[in-house]
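Number of protein chains: 2
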Amino acid sequence: MNYFYLVPIASLFALGFAFYFFKKMMKESEGTEQMKTIAKYVREGAMSYLKQQYKVVAIVFIILAMIFAVMAYFGLQNNWVPFAFLTGGFFSGLAGFFGMKTATYASARTANAAKNSLNKGLQIAFRSGAVMGLVVVGLALFDISAWYLILDHFIENADSGHKLIMITTTMLTFGMGASTQALFARVGGGIYTKAADVGADLVGKVEAGIPEDDPRNPATIADNVGDNVGDVAGMGADLYESYCGSILATAALGASAFVLNPAMQLKAVFAPMIIAAIGVFLSILGIFLVRTGENADMKKLMAALNRGVNVSAILIALLTFVALYLLGFENWKGLSFSVISGLLAGIVIGQGTEYFTSHSFRPTQLIAESGKTGPATVIISGMGAGMISTFIPVITIALAILSSYLCAIGFDVEHMISGENLSMGLYGIGIAAVGMLSTLGITLATDAYGPIADNAGGNAEMCGLGEDVRKRTDALDALGNTTAATGKGFAIGSAALTALALLASYIEEIKIGMLRLGQTVLEFVDGGTVEIAKASFIDFMNYYQVTLMNPKVLVGIFIGSMMAFLFCGLTMNAVGRAAQKMVEEVRRQFREIAGILEGASTPDYAKCVEISTKGAQREMLLPSLLAIAIPIVTGIILGVPGVMGLLAGGLGSGFVLAVFMANSGGAWDNAKKYVEEGNLGGKGSDVHKATVVGDTVGDPFKDTSGPSLNILIKLMSMISIVMAGLTVAWSLL
Amino acid sequence: MNYFYLVPIASLFALGFAFYFFKKMMKESEGTEQMKTIAKYVREGAMSYLKQQYKVVAIVFIILAMIFAVMAYFGLQNNWVPFAFLTGGFFSGLAGFFGMKTATYASARTANAAKNSLNKGLQIAFRSGAVMGLVVVGLALFDISAWYLILDHFIENADSGHKLIMITTTMLTFGMGASTQALFARVGGGIYTKAADVGADLVGKVEAGIPEDDPRNPATIADNVGDNVGDVAGMGADLYESYCGSILATAALGASAFVLNPAMQLKAVFAPMIIAAIGVFLSILGIFLVRTGENADMKKLMAALNRGVNVSAILIALLTFVALYLLGFENWKGLSFSVISGLLAGIVIGQGTEYFTSHSFRPTQLIAESGKTGPATVIISGMGAGMISTFIPVITIALAILSSYLCAIGFDVEHMISGENLSMGLYGIGIAAVGMLSTLGITLATDAYGPIADNAGGNAEMCGLGEDVRKRTDALDALGNTTAATGKGFAIGSAALTALALLASYIEEIKIGMLRLGQTVLEFVDGGTVEIAKASFIDFMNYYQVTLMNPKVLVGIFIGSMMAFLFCGLTMNAVGRAAQKMVEEVRRQFREIAGILEGASTPDYAKCVEISTKGAQREMLLPSLLAIAIPIVTGIILGVPGVMGLLAGGLGSGFVLAVFMANSGGAWDNAKKYVEEGNLGGKGSDVHKATVVGDTVGDPFKDTSGPSLNILIKLMSMISIVMAGLTVAWSLL
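Same order as they appear, the protein sequences are chains A and B. When we follow my numbering, the leftmost residue of the first sequence carries the number 1, and every step to the right adds one. When we follow my numbering, the leftmost residue of the second sequence carries the number 1, and every step to the right adds one.
Careful: at least some of the hints might be erroneous.
Because identical chains share one entry, a pair is satisfied inside a single copy or across any pair of copies.
As the list claims (entries may be wrong) - With a Cα cut of at most 20 Å, we get these calculated EDC-like pairs of lysine to aspartate or glutamate:
#1 Lys372 to Glu584
#2 Lys300 to Asp474
#3 Lys27 to Glu531
#4 Lys534 to Glu523
#5 Lys471 to Glu531
#6 Lys614 to Glu523
#7 Lys673 to Glu414
#8 Lys205 to Asp468
#9 Lys614 to Asp152
#10 Lys673 to Glu330
#11 Lys36 to Asp604
#12 Lys205 to Asp686
No wet-lab data here; the hints were simulated from the structure. Nothing here was measured: the structure is a model prediction, and the numbers come from that model.
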């Protein structure tokens, strides 16, 4: 139990440093009056969006909490769930609020600091990003440790092994709150940001021929707000969910894997939390290592960030060995290698993403070259490259799954899928997910850094700061584009591993659901019986016939695969429709407000912010409700085998589709930049125009639909977990 | 046994009528000298492509046949496989050859007939398409019945139940030949046709501003050749494979489901063949019902085709009841409803496809409207609509799977997945696939009709036939576009059901593979044993732990999902690269051959044909070899659970991806046509230009990558089936 206190301590450490970084940033000057005004516009826009979104989310939360309360009343779920659901959502929302507040305060300060020094600019932007990273891990660990202590105190059970299983499966359902919050943050934020971006580009850049971030464009503030809404708050909520989900699922798998070994069971439950805590301390260390000299080029800036992340990762790997050894795991080496599998996979996926999306490499250059024959071939080659690029993350995740599983069972290949080994192996996969996410404090800092630098650039452009300042903010922004791409790879990879851990722990919930309903034995078709409390995963698979010959499983796989595409299609169309409205508004302003294009009068920025906000709110509902409803309906009709098929199918095609969309989008973005740097005719050439089309198509790919899939694959698992009791009690087939 | 002779009789009937239609068509006049010359160019181009392709395919066939021979030598496969593999490939190739020969003879004759009469034109084009349809079903049934008789004669076995299982599992592996042939026909043909089309459009329409099918465009003959190569030969080989695969897989499932009921076992094996034979007779009847009056509009033309298909379908449904009753099935009603599930699903998928791709409906009109804001929004909205459209086929297939399963087991929901019911239910799914494909004789006629009408239009345009002739060929062509879209839906749907039947019969092959290697009992982890000859599907699932908790299955699902995208990406890029070469060649000819654009000199058509041919041959190899290699490698590393995961994952995401690509592509094509008909500014407007970009992107979507996925999902199953012996003998994990 003593080890456990590392977790709340790490939480307080993270929150403390976040506060420290925030305070320090706030002491910096925001620059000229104009810079302050622009920053204020963006800040107000972002906050008004957040307020609006939280209103909608609050309604959904109240409805869901009431449903859970009813379920608890009928014994289909435990009584803690409604409350825990609310705290999960509340803390996730709080993290988003703090992160975005910080980001919107930091951008003008970053621009102002860049007047004098590149390093100073980097420090402000990066450490402000770190506020987001640390608030996310801090609040997550706080929520987890608080609930652990509460449940440990209140849940009474003679048998301690059983008690731990009760605690962990109860806690697992709390992830639902984080999931629901993440859903709306990612989907709503994603629609907002791209409606604004696409709308601003289509009229501003293409029709009026004014540059990006030009203050004459009425949608430019909305565009900058969007970066914060989508890439800070959305990304933060996404990873908050993965972080909680992977820790809680692994704890549940640990309680089950070590149920016959009381001495180790508690430690197996704590292990993922402790690895996370270690990650927090070392992330903070890593954050301090990010610094650079003056006149640093892109390479040196990248090296500065990499230094921070890599030192954290290596030290986490080393300390994992120590921690698991001290905790007394018999197979501490194997489990540590499981953790390392996850850590490594995160890094490899990031590198692979960079190869396929950076214009330093052939794939993206080829996309730019295909612009010689017009926009159609840019689209074709970009989609082709994005689809091909999926093989790296898939093979990496496949290897991570197999190696973390095999390491955890001590390479007992002979009995790879025996009852005990299956539990241990799945625990290994879970702990690999935790390993991948252990660096979250610092990797999320590099993510949240991106939009801050982007907004700093926007601020500098709008306020007409000098050439050399723009050059510095451009350098910071370019770095942000790279971290955005690798960050997306990391987010998708971690979502996949987390969803896998959730899929495994789904059966734990089914077990508890049965016990809660008073069922004590599994009766098999052939007449055999197994006591549920002692039943292994394999027993449950046999009982429910969750095999690939079961038509319910196969139908589930079809529907799951479809869900990924349907969800994507709905969000793509949402962006299209919302952008359309933005285009009309910008055109209206150009037409009706005299003197905008000459810079003589100020456009009505607020109106554009409002359009994006309303569009996002309206458009996010259908895909979101579908993502919540389909797993429930599948459970009611097809039962456990159908749900598991749904989750596996959704995970498989959702993961690959997400990678494809993120990488195609990133590559199109950079292909355009490659041309803008003077290649293939440079800005204004026909090739440039063709690549601008690619970039615009890529916007919803990489910033709306692709990232939303991360949420979909986790949320569908989470909702199935929470609804497990219902599925146990009643299903049609 | 007497019933069985219906099958060879149907085969001879089909071939006889094909010969009759061919002869009748050949008697028609090919029109003016110029028309003959153009037709000759296209015919020669098509035949030279086919010759080139068959050369490459022959090499692959020889290598694979040798591998199978070696496997047979080591007892990993039976001795018949190498020979049967070759006949499957040979007959599929022969069907492609006849179909394309007919199509290329028919187009000028259709154009010539359209000089006088719309009905005459329709008759020639449609009955020439019917040659393809009838040759495919005729040769398939011939191959199947011949091999049945051979094996029945040669395979010696005391126990007749066991003998039938040996025969059917052996025959199943013959599908491999059809699969391999289809792979190259679809992938090669798909690359050819779109390289030519995209290349012709990019330079001709966009740069030089000359209309489609203009004789001044050097790539125009290659474009017309491509229609035959891709849509006739490729589509034919694709459906030949589905047709054989579904019949053979269902026969194997029938032998297994009725193994304890010797009286019915043989009839269960014959049932799918007999349903197919009934389908042949009624398809021929349906073909004769397709006729129309003069001055028929699009609606009436469509009604004429629908009359033929619907009458066939309804009569097949009725006769199925009679046939299954006469065969003596206890549950003849239920099984007949299984057949009807498949038939209905085919029709619903076709209708859904039409809704999402025809410009008579909102989705496609909205895509056209999004052209107001440029090509980027056309792409975004087209992709969104395509992704959303996947829900119709997926839900339809899901319902078809469940209902055909439940009907076959007499709605015994209580014991839905018990050993006996599982066998019967899977047989029901198989027979639903056969039901869907039973109308193939006539549905393939409507497919092959499309390119003939298209080429007739091309011929009329190139030869400058009068306005009224063009109007008639345009009407025929427009009808062809609709049948092409619904035909694609049908091809994908049937591929999915066929792949499902193949997935189920994979385990039959594993069983036989074990017996061949001398293994007689399954020893379970918990110590129990089951005799293999008596083991149920459930026993095998338990033995191999093919559950969704097994990491090997999960990794397989990931890799399968990826394969769909990787394969698509490679074929997309292949089209991009080959089109690039075509563009360069056309530009060169415009530059170097004086007077082309003025119509004073003839372009070098042959050079463009050669470029497409070479490009297709070169580019088809990598994706094809990957599709063959990955299932083998997965089997070697991950064993049976990995392979089944691979197949399920590939099937799920491949099916959805294929529908998405086909529908997005079809919708873009028709959005452009919608504008060309005078909406939203009409031809030459900015909206038109934007929709042309969509159409060009859609070309490889709907005619290369999308349809190739049909092959991928079937081929991966087929290769796994053939390699089952290897997987049984040896796998790493």
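Evaluation of the provided hints:
Taking the shortest alpha-carbon separations for Lys372 and Glu584, only the inter-copy value of 11 Å comes in at or below 20 Å, while the best intra-copy value is 31 Å. Within a single copy, Lys300 and Asp474 get their C-alpha atoms as close as 14 Å, which meets the 20 Å cut-off; across copies the closest is 62 Å, which misses it. In this assembly of identical chains, Lys27 and Glu531 lie within 20 Å of each other by CA distance neither inside one copy nor across copies; the values are 63 Å within and 78 Å between. Proximity of Lys534 to Glu523 under the C-alpha cut-off of 20 Å is restricted to the intra-copy arrangement: shortest distance 13 Å within a copy versus 23 Å between copies.
Proximity of Lys471 and Glu531 under a CA criterion of 20 Å is satisfied in neither setting, with 69 Å inside one chain copy and 76 Å between copies. Taking the shortest alpha-carbon separations for Lys614 and Glu523, neither the intra-copy value of 53 Å nor the inter-copy value of 62 Å comes in at or below 20 Å. With identical chains, the CA atoms of Lys673 and Glu414 are never at most 20 Å apart, being 53 Å at best within one copy and 61 Å at best between copies. Proximity of Lys205 and Asp468 under a CA criterion of 20 Å is satisfied in neither setting, with 23 Å inside one chain copy and 46 Å between copies.
For a Cα distance limit of 20 Å, the shortest separation of Lys614 from Asp152 qualifies neither inside one copy, at 44 Å, nor across copies, at 71 Å. For the homomeric pair Lys673 and Glu330, neither the shortest alpha-carbon distance inside one copy (53 Å) nor that between copies (69 Å) is at most 20 Å. For the identical chains of this complex, Lys36 and Asp604 are intra-copy neighbours only, at 18 Å inside a copy versus 66 Å across copies, given an alpha-carbon limit of 20 Å. For a Cα distance limit of 20 Å, the shortest separation of Lys205 from Asp686 qualifies both inside one copy, at 14 Å, and across copies, at 17 Å.
Consistency with the previously given hints fails for numbers 3, 5, 6, 7, 8, 9, 10, ordered from lowest to highest.
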